[in-house]
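Chemist: Okay, here's what each chain looks like letter by letter:
There are 4 protein chains.
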Amino acid sequence: MPRTLAARRKSYLTRSVRPVDVTRLSGLGDLLTQFQTTSIQARNLGRCLEVWENALTDKKRPTILLGLSGPLIAAGLRKVLRDLVDWGLVDVVVSTGAVLYQDLYQTIGGRHWMGTPNANDVELRDLYLDRIYDTYVDELKFEDTDRAIGRITEKFPARPASSREFLGFLGERFDDPDSILATAARRGVPVFSPALIDSSIGIGLTLHYQANRRKKQRFMLDAVRDNYELVQILAGSPRTAVIYIGGGTPKNWINDGIVMANYAFGREGEGHYYALQITTDVPHWGGLSGSTLDEAQSWGKISKTATRAMAHVEASIGLPLLVGALWDRRSVWKGRPRLAFDWTGDEVKIRRSR
Amino acid sequence: MPRTLAARRKSYLTRSVRPVDVTRLSGLGDLLTQFQTTSIQARNLGRCLEVWENALTDKKRPTILLGLSGPLIAAGLRKVLRDLVDWGLVDVVVSTGAVLYQDLYQTIGGRHWMGTPNANDVELRDLYLDRIYDTYVDELKFEDTDRAIGRITEKFPARPASSREFLGFLGERFDDPDSILATAARRGVPVFSPALIDSSIGIGLTLHYQANRRKKQRFMLDAVRDNYELVQILAGSPRTAVIYIGGGTPKNWINDGIVMANYAFGREGEGHYYALQITTDVPHWGGLSGSTLDEAQSWGKISKTATRAMAHVEASIGLPLLVGALWDRRSVWKGRPRLAFDWTGDEVKIRRSR
Amino acid sequence: MPRTLAARRKSYLTRSVRPVDVTRLSGLGDLLTQFQTTSIQARNLGRCLEVWENALTDKKRPTILLGLSGPLIAAGLRKVLRDLVDWGLVDVVVSTGAVLYQDLYQTIGGRHWMGTPNANDVELRDLYLDRIYDTYVDELKFEDTDRAIGRITEKFPARPASSREFLGFLGERFDDPDSILATAARRGVPVFSPALIDSSIGIGLTLHYQANRRKKQRFMLDAVRDNYELVQILAGSPRTAVIYIGGGTPKNWINDGIVMANYAFGREGEGHYYALQITTDVPHWGGLSGSTLDEAQSWGKISKTATRAMAHVEASIGLPLLVGALWDRRSVWKGRPRLAFDWTGDEVKIRRSR
Amino acid sequence: MPRTLAARRKSYLTRSVRPVDVTRLSGLGDLLTQFQTTSIQARNLGRCLEVWENALTDKKRPTILLGLSGPLIAAGLRKVLRDLVDWGLVDVVVSTGAVLYQDLYQTIGGRHWMGTPNANDVELRDLYLDRIYDTYVDELKFEDTDRAIGRITEKFPARPASSREFLGFLGERFDDPDSILATAARRGVPVFSPALIDSSIGIGLTLHYQANRRKKQRFMLDAVRDNYELVQILAGSPRTAVIYIGGGTPKNWINDGIVMANYAFGREGEGHYYALQITTDVPHWGGLSGSTLDEAQSWGKISKTATRAMAHVEASIGLPLLVGALWDRRSVWKGRPRLAFDWTGDEVKIRRSR
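Protein chains in written order, with the numbering used here: chain A, 41 to 394; chain B, 41 to 394; chain C, 41 to 394; chain D, 41 to 394.
Looking at chain A on its own, in the form it has when it is part of the complex:
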């Protein structure tokens, strides 16, 4: 082999795969660190941890946005998500309405029941049980939840508002330490749901609309205001990091936010600086949910120099591993200052707090 080829070859052979040893594990932090020197999706999951920790320890103190989609509460991830918010490992939450609705359903006393994917769905219909793959939820408790949301919505000021305001209002009304929404409200973490009408929370809003639609003054979900609030957060952050659990509207919207912010504030921002995703989707269907974080670079949505990682693993397995590893390694991020978001109407100022 010619010398130049041999040199080039050598440059490729610098880090060898090290086999995982489960007999020498001191915890999930150690497991995911071991994963970082394996291959295939274990390595990708290990790199997700690395990217998240890089974002948490970045001196510029990036704003970390968490995008949530999929059956996360059914999957038993409510505590894990609530912890992320409570510990300050994420600064902004963007979620489908379904995740937040099921969070409230549990606050109201509803439970997710272990079922089976092979259930008789027509019988379940008769029993007022709704199926989410292998899990059942209780439609009678759903009605209680809808009523509770309805009562709170009636107290909301009769004016246009963003989903963030409305969800914050909901979160403040519940004194449930296990709730994602209530924890976010207590910690001042903004929660957005850009497609909130597309969820069971939307049912209550529809009934409210039906009852109030002829009034001059009424609460109105002013959808575009969500965008305006998001772009201010992005523009007001020295850097941003994004963590996507699944894809869907939350991923697309947080990604698009960069482009909107550039337009709205006349600057060419650099895109999200850190990006990680755990997903069950794939790139070759061409959809946004499964698109690579490389592809997002062509759109300017992810920074050209971003640290990024994408692991193909379903969230019920992947997220506890990541968050468990972060907990194990909490000395890494301890003392990171929190953000305080000061809202005046639709305007926001961001300060570091502690």
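What the hints contain is simulated information worked out from the structure, not anything from laboratory work.
One or more of the hints may lead you astray.
If several chains are the same, the list does not tell them apart, and a pair holds so long as it fits within one copy or across any two.
Unchecked claim - When the alpha-carbon atoms are kept at most 25 Å apart in a straight line, the in silico DSS-like pairs for lysine-lysine are as follows: (1) Lys344 to Lys181; (2) Lys389 to Lys256; (3) Lys50 to Lys344; (4) Lys374 to Lys99; (5) Lys256 to Lys195; (6) Lys181 to Lys50; (7) Lys389 to Lys255; (8) Lys100 to Lys389; (9) Lys256 to Lys119; (10) Lys344 to Lys374; (11) Lys195 to Lys181; (12) Lys99 to Lys344; (13) Lys374 to Lys195; (14) Lys100 to Lys374; (15) Lys344 to Lys100; (16) Lys255 to Lys119; (17) Lys195 to Lys100; (18) Lys119 to Lys344; (19) Lys181 to Lys119.
Use these hints to put chains B, C and D onto chain A, whose structure you have.
Modeler: Positioned in the frame of chain A, the structure of chains B, C and D alone reads:
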């Protein structure tokens, strides 16, 4: 074998798989009919055709709702989708904003360019080209599109509106026979986008918000109004059929609409009577996009007696096959009356027209 | 934009996506040609056609190897596969044992019955019905098939042989124009099954082994002889093309054959020159079935200059489209000479015949 | 709700999903136990642990067969697999040739190098590096491995043999405590590879064939003998349990073994009593790799009363979790007797040892 077992056995063996013969094909209608007596996903796709045709020939004249998600314009499906609207094979369209934005981008003169998934995304960024898997779009033409949408938005009445009104307004402003939005406007087919802010159309809306937000009277996307309009359509239809290309917000919202309609109008409706989906998602991740149409029965979203089919095939291949077969077999649905939607503010009356 | 950037940009924008028009279709050949200027998997499937046609019209007359895996007979593809062999569009077949067994099962009079994936499998067990996803096969007819294979095996010469010899022997014994194996025998197309023991054909072989194992002279599946026969075919071909329906052992073995041929005949061959695959697997699990044809280049298994294409579509849909298009466009490949394989024991000479 | 419905409803609501709490984790055993009361794939993975432990603690002492496919050594799972063999958590191994070849490659000193899926494969070709998704292997070391295997093969008795004999012979020749094959040889665990010729080990065997094929007496891979040996093991076991990492030939062959054993020994066995699989494949493609363990019941391959579980997770993540949990909970299986396999030619007697 005991006689009862033998009888039971015989009852299972009634229809045998017949091999596809490509030498005796008279068109796509014939191919999909052949598929109906094969197995695996070809059979499922053949059954999708059957369900669609059942909906089209049902004497009760169901309202057919089409849910769109994924990179459909990039995939070369613009004409196919426009034809479905023009021919009256769907009565209502619910779409992600991205599909509609890219429809307008083409109306403005933008094109989708054949590229490669292995592109250098950082270079594409510098060239103002955005990648959708194996396809490039032109960011400079995107700016033209944004400006055009911006100009039209300025002319929209200064009041709250649904996405349906706004998209209808957009569609009327373009005289492009190839456009989905313009064809829908001409045909009176309502187009909803429940997460419209989560798209490039949302960028223009954000700028409009930024410029007008302090005005007393301004155009406002009154998100919940979309729900109220949808539930009226569902409640005003003798039956409904749903056709999902992909999943995402359109599928979830159309499905949820049934539950909302039951609440809003105090009746226990029967769920969508016909349902078909082509998808690349799978049930075992537990998400809504890949959930089975059986599962939706437990929620009351799909009728207990629905005719339903789900084929696992990507839309760029699956949709032309289905629509080509429908075209081939147009004698089946020729003469089906159209629907006219008479809107008075946020109220709708549905009539059969022709 | 600087002039050099603008020029580079322009170089990327040469071919635009053209929407599929199902109202102007003259057949499957036309559909797949239209697919070639779309995107996502339709484009990939169109490119598969292009690669296959390139192989068929290459003046060097490449040897075309077909790798088969998956539930192809259940899926209704028996006629399509038999046609490919009959028309000379493939020169060598490598298959899982299951495909070939089910081919014989149909020759014996067995049928594949339309069933459902939600069947009660414990009841099916009692009824002697075996399920392949949505299809049932008849275990009683399986026994007839096993007996027929057993009888033929007894007549096979009492010596070591390759799977190719044994399968050719089987194919010659059945006078069934619809059979893949019988058609291959009639046309002189070699059929290999490198994991033949892992199939229901293997059951018969096991019983034969059990009855004859103490004999000095007995028929023996001399597995490595398959390799030696394959490498001669590869080494004796001016060029090779590979067509993979699914992945599994057939894909891996045909790919590996190149490396074996290089070793066995001390030359550095160029790898398969044309390669196409339709698959439901994905690259990011790291397995061979879903690995890209690019990856195979690093191993020297696919030529550095290969024309290659990979479409993500299940075979029951993808294969009839491809073969139907080839049939439509038969003027392209008409008159292509066939290959004659002259076997002397384990040695082969390849001639062009007609 | 009528009383009977209410009672039925209540019967469905017995076990509620409990959220995972990563702050109260004492190890992987605890994590997977927590997973057992969640949903989606975490629950399935938790159930896999349960099934494995049931098999390990079954008083009838089932024979446990492990099926291996996929890029397991590249993925960093060599130690995990070797541990399973060493600890006696599996009694028989069935593997693709690739896994075993790469095990030997590491014994010879070869390494798997961390690379990237976006590598330039044509350049890698020139550098004699072969890519497995995100990992590189060294083709020059492959040649060393091939030579080593070649030298050992020359010493193998000149007669027909099963893959089990040959692989045992190989394993005995290497004194490498980290090797799966060497550990299996030391522990007397039989290792089969029913498609051994379809691997790089097959390259050496092909060269050996080429050099020896005219000899009267030569080592010959007598493929069907593998089947005969397997069916004796199955028939000689009071019960069997199967653990599938991926699918492919190992899964199919172990499943088929039941049918073969019934035929060969004229009894109607009950199928594998315990079955678990971790897989990235799906049922709806109709292939065996992704087929459900329910489907296998219709074939009589899995017992009607089997305890079974299937988790959709890639092995590099899923397997360390399972094996780590087993290690954590080693008190559960400690002291389980091992099996000794006494081979006389192609006949085997199984005894409990320890």
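Chemist: If a hint holds in the structure, say so; if it doesn't, say that too.
Modeler: Hints, one by one, checked against the model:
1. Only between protomers do Lys344 and Lys181 lie at most 25 Å apart by alpha-carbon distance; the minimum there is 22 Å, versus 48 Å within a single protomer.
2. Only between protomers do Lys389 and Lys256 lie at most 25 Å apart by alpha-carbon distance; the minimum there is 24 Å, versus 31 Å within a single protomer.
3. Within a single copy, Lys50 and Lys344 get their C-alpha atoms only as close as 27 Å, which misses the 25 Å cut-off; across copies the closest is 22 Å, which meets it.
4. Proximity of Lys374 and Lys99 under a CA criterion of 25 Å is satisfied intra-copy only: 13 Å inside one chain copy versus 50 Å between copies.
5. Within a single copy, Lys256 and Lys195 get their C-alpha atoms as close as 16 Å, and across copies as close as 23 Å, so both meet the 25 Å cut-off.
6. In this homomeric assembly, Lys181 and Lys50 come within 25 Å of each other (Cα to Cα) only across copies, at 14 Å, whereas the closest approach inside a single copy is 63 Å.
7. Taking identical chains as interchangeable, the C-alpha atoms of Lys389 and Lys255 lie at most 25 Å apart only when they sit on different chains, with a minimum of 22 Å there against 33 Å within one chain.
8. With identical chains, the CA atoms of Lys100 and Lys389 are at most 25 Å apart within one copy only, with a shortest distance of 17 Å there and 56 Å across copies.
9. Proximity of Lys256 and Lys119 under a CA criterion of 25 Å is satisfied in neither setting, with 41 Å inside one chain copy and 43 Å between copies.
10. For the homomeric pair Lys344 and Lys374, neither the shortest alpha-carbon distance inside one copy (29 Å) nor that between copies (51 Å) is at most 25 Å.
11. In the homo-oligomer, the alpha carbons of Lys195 and Lys181 lie at most 25 Å apart inside one protomer (22 Å), although the nearest pairing across protomers, at 46 Å, exceeds that limit.
12. In this assembly of identical chains, the alpha carbons of Lys99 and Lys344 lie at most 25 Å apart only when taken from the same copy (19 Å versus 46 Å across copies).
13. Within a single copy, Lys374 and Lys195 get their C-alpha atoms no closer than 39 Å, and across copies no closer than 52 Å, so neither meets the 25 Å cut-off.
14. When the C-alpha separation of Lys100 and Lys374 is checked against a cutoff of 25 Å, the pair qualifies only within one copy, where the shortest distance is 16 Å, while the shortest distance between copies is 52 Å.
15. Taking the closest pair of Cα atoms, Lys344 and Lys100 come within 25 Å of each other only inside a single copy of the chain (17 Å); across copies the shortest separation is 46 Å, beyond that limit.
16. Taking the shortest alpha-carbon separations for Lys255 and Lys119, neither the intra-copy value of 40 Å nor the inter-copy value of 43 Å comes in at or below 25 Å.
17. Neither within a single protomer nor between protomers do Lys195 and Lys100 lie at most 25 Å apart by alpha-carbon distance, with minima of 40 Å and 43 Å respectively.
18. Within a single copy, Lys119 and Lys344 get their C-alpha atoms no closer than 34 Å, and across copies no closer than 35 Å, so neither meets the 25 Å cut-off.
19. Taking identical chains as interchangeable, the C-alpha atoms of Lys181 and Lys119 lie at most 25 Å apart only when both belong to the same chain, with a minimum of 20 Å there against 46 Å between chains.
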